[in-house]
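Chemist: So the sequence lines, in the order shown, correspond to chains A and B.
The working numbering puts the first residue of the first sequence at 1, with every later residue one more than the last.
The working numbering puts the first residue of the second sequence at 1001, with every later residue one more than the last.
Derived from the structure by calculation, the hints contain no laboratory data.
No experiment lies behind these values; they were computed from the predicted model shown.
No residue lacks a Cβ here, since even glycine has one placed at the ideal position from N, Cα and C.
Treat the hints with caution; some may be incorrect.
[As the list claims (entries may be wrong)] Derived EDC-like pairs: lysine to aspartate or glutamate, alpha-carbon spacing no greater than 20 Å straight-line:
1) B:Lys-1241 / B:Asp-1256
2) B:Lys-1017 / A:Glu-52
3) B:Lys-1241 / B:Glu-1223
4) B:Lys-1017 / A:Glu-3
5) B:Lys-1241 / B:Glu-1226
6) B:Lys-1241 / B:Asp-1222
7) B:Lys-1017 / A:Glu-106
8) B:Lys-1017 / A:Glu-134
9) B:Lys-1017 / A:Glu-2
10) B:Lys-1017 / A:Asp-73
11) B:Lys-1017 / A:Glu-105
12) B:Lys-1017 / A:Asp-88
13) B:Lys-1009 / B:Asp-1020
14) B:Lys-1017 / A:Glu-54
15) B:Lys-1241 / B:Glu-1189
16) B:Lys-1009 / A:Glu-28
17) B:Lys-1017 / A:Glu-89
18) B:Lys-1017 / A:Asp-71
19) B:Lys-1009 / A:Glu-106
20) B:Lys-1241 / B:Asp-1266
21) B:Lys-1017 / A:Glu-6
22) B:Lys-1241 / B:Asp-1221
23) B:Lys-1009 / A:Glu-120
24) B:Lys-1009 / A:Glu-105
25) B:Lys-1009 / A:Asp-96
26) B:Lys-1241 / A:Glu-106
[As the list claims (entries may be wrong)] Which bits of chain A does chain B cover? Going by a derived footprint, with three or more residues having C-beta under 8 Å, they are:
27) 44 to 52
28) 81 to 94
29) 100 to 112
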Amino acid sequence: MEEPAERLTGLYDRYHRRVLAYVLLRAEPAVAEDIAGETFAIAWQRIGRIPEAELPWLLGVARNLLMRHYDADRRRRMLSERVAAMSDERDRVGWDVADLVVEREEAMAALAALPEHYAEALTLVAWHGLTPAEAGRVVGTGAATFSVRLFRARRALASRLRGGASSTTEKDRKEDPWHAESTR
Amino acid sequence: MARRVDPMKTLSALRPKALDERAEEAHSRDRERGIARALAGPRQRAGAAAPRRRMATTGWRTGLLGGLAGAAVLAVAAVVVTAEGAEPAATVPPVPEESGPAYADASEFMLASADRLSVPEPTEGDFWHLRTRSSSPTFAVDSEVDIAASVEYSTESWTELGGEYRILNNLNLDAEVSFASEEDRRAWEEAGSPELSYTEPASTYYEGVGQHVSSPISYTDDELRELPGTAEELRAELERKWDGVGEDDYLEGRPDFTSFVQTLADRLLVGPVAPDTRAAAYQVIAELPNVRLLGEVTDQLGREGVGVAIGEADDEVAFTSDGGPYEQRWVFDEETGLLLASELRTFDDSGEVRAVPGSWTAYEAIAVTEEMGEPVVEPVRQ
Chain A
1 MEEPAERLTG
11 LYDRYHRRVL
21 AYVLLRAEPA
31 VAEDIAGETF
41 AIAWQRIGRI
51 PEAELPWLLG
61 VARNLLMRHY
71 DADRRRRMLS
81 ERVAAMSDER
91 DRVGWDVADL
101 VVEREEAMAA
111 LAALPEHYAE
121 ALTLVAWHGL
131 TPAEAGRVVG
141 TGAATFSVRL
151 FRARRALASR
161 LRGGASSTTE
171 KDRKEDPWHA
181 ESTR
Chain B
1001 MARRVDPMKT
1011 LSALRPKALD
1021 ERAEEAHSRD
1031 RERGIARALA
1041 GPRQRAGAAA
1051 PRRRMATTGW
1061 RTGLLGGLAG
1071 AAVLAVAAVV
1081 VTAEGAEPAA
1091 TVPPVPEESG
1101 PAYADASEFM
1111 LASADRLSVP
1121 EPTEGDFWHL
1131 RTRSSSPTFA
1141 VDSEVDIAAS
1151 VEYSTESWTE
1161 LGGEYRILNN
1171 LNLDAEVSFA
1181 SEEDRRAWEE
1191 AGSPELSYTE
1201 PASTYYEGVG
1211 QHVSSPISYT
1221 DDELRELPGT
1231 AEELRAELER
1241 KWDGVGEDDY
1251 LEGRPDFTSF
1261 VQTLADRLLV
1271 GPVAPDTRAA
1281 AYQVIAELPN
1291 VRLLGEVTDQ
1301 LGREGVGVAI
1311 GEADDEVAFT
1321 SDGGPYEQRW
1331 VFDEETGLLL
1341 ASELRTFDDS
1351 GEVRAVPGSW
1361 TAYEAIAVTE
1371 EMGEPVVEPV
1381 RQ
């Protein structure tokens, strides 16, 4: 059986880069590196209790640490600030080559205008390569709930990319499979 | 014809190309130090509550990188530990004022709380006493007027454990009504100011074991006291109970197991259960798939605690008085682990959880008493 220290080292080598990539888009570099480090300190503390879905658990821990570090307003602004700070000429050239319908700045503005939990859902899947079930574990919902959120987030982004504000509330309410009455 | 926007393709293209390089660079630069830092921290024994910890802040790390390059031993000591058997580190990082409670996730907090719970033990012949302050939507009784308003009120109850099985409830005490708008207030006044629900003090008194009616969806006080005292056995018992729930037992259909536990959770958290059962209930809740740690929060009575949420933290649904997705929030006292408040929060049009809960109950007293209290008005007897 694998020794605890070996397991921690294995986790670190497999996932530290991915945890870093996640937090580097949500915090200043020094804070991001601290949070990634603290995530693995917590992983060591709970090494015998880490679930099989290791990466979603690690990202969930990092997410909790981020939430403690920044208030909601700061978190909302951080994503676009970090993307802007990290973008370079290659991104601009790549954008032109990809022949996308909207300008890069417009796309960033559309993403920044989304509610935080929508932007989070979209980026966990599109930027960090998680499945909806894995991303659901990160944010603490089930897979089905996350899929609904992702669907709505995608639609809201599409709406903003087309230049219109999202006005899907009434439609969403009618389609909502989670519509349940309070049990209290 | 305008070309169609592909939102996911567009989004994918926004990911900075430098991101993976930055992550790789930081990983390679600090790999040994990072692993050493983690391994130097405390490790939890199987089944034990996590040691308390505080997260290091940017300052200490930057300082170490600048002045103590290669001093990995010192760097790893910067995790502060106050658990039994561990000494506080020599290089204690400053803990910012706004720093939240030091738990990795809701599960860790619930397990830690289960370990330090201190609640009176329900004893045969004594009374289980609860005093609460609550808020609920209210409506006009015996009137057609349709208004949006809520009422805040206190409740006291004494439930005899065994003995003569007496129950006394004092209800709707010190009621304060809040109308959603001036229009609602005017509509109510124009209808002749009809009585609003939960506003008139009332007392109810029950006696005899027959008043403790068993149900497929809940436990009587006697049944609560008999629940098992380990997480595994309690979970098995809750699953057995859940298996017996029918399609028609709930208005909205048969709940999944998590939702079922959620409906019973407050009874397990503040009801007359044995101390080991209560701790087991915390552990069962800790393992539910969608519990989330909210950090430091304040309950509706202004008491600070640690927030834990469960439920549909999702979706753009306007509040309606007849239901809709909601998030259940619990506020726990960080020192004692006890439940301070239970809240149901709905969502606004943008999908953000509302700051003010749709309904809430704050627990002001959870106690065992030898005597029953006095009714506030002539009680309705059963």
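Chemist: Tell me, in ascending order, the numbers of any earlier hints that this structure violates.
Modeler: Hints 2, 4, 8, 9, 10, 14, 15, 16, 18, 21, 26 contradicted; others consistent.
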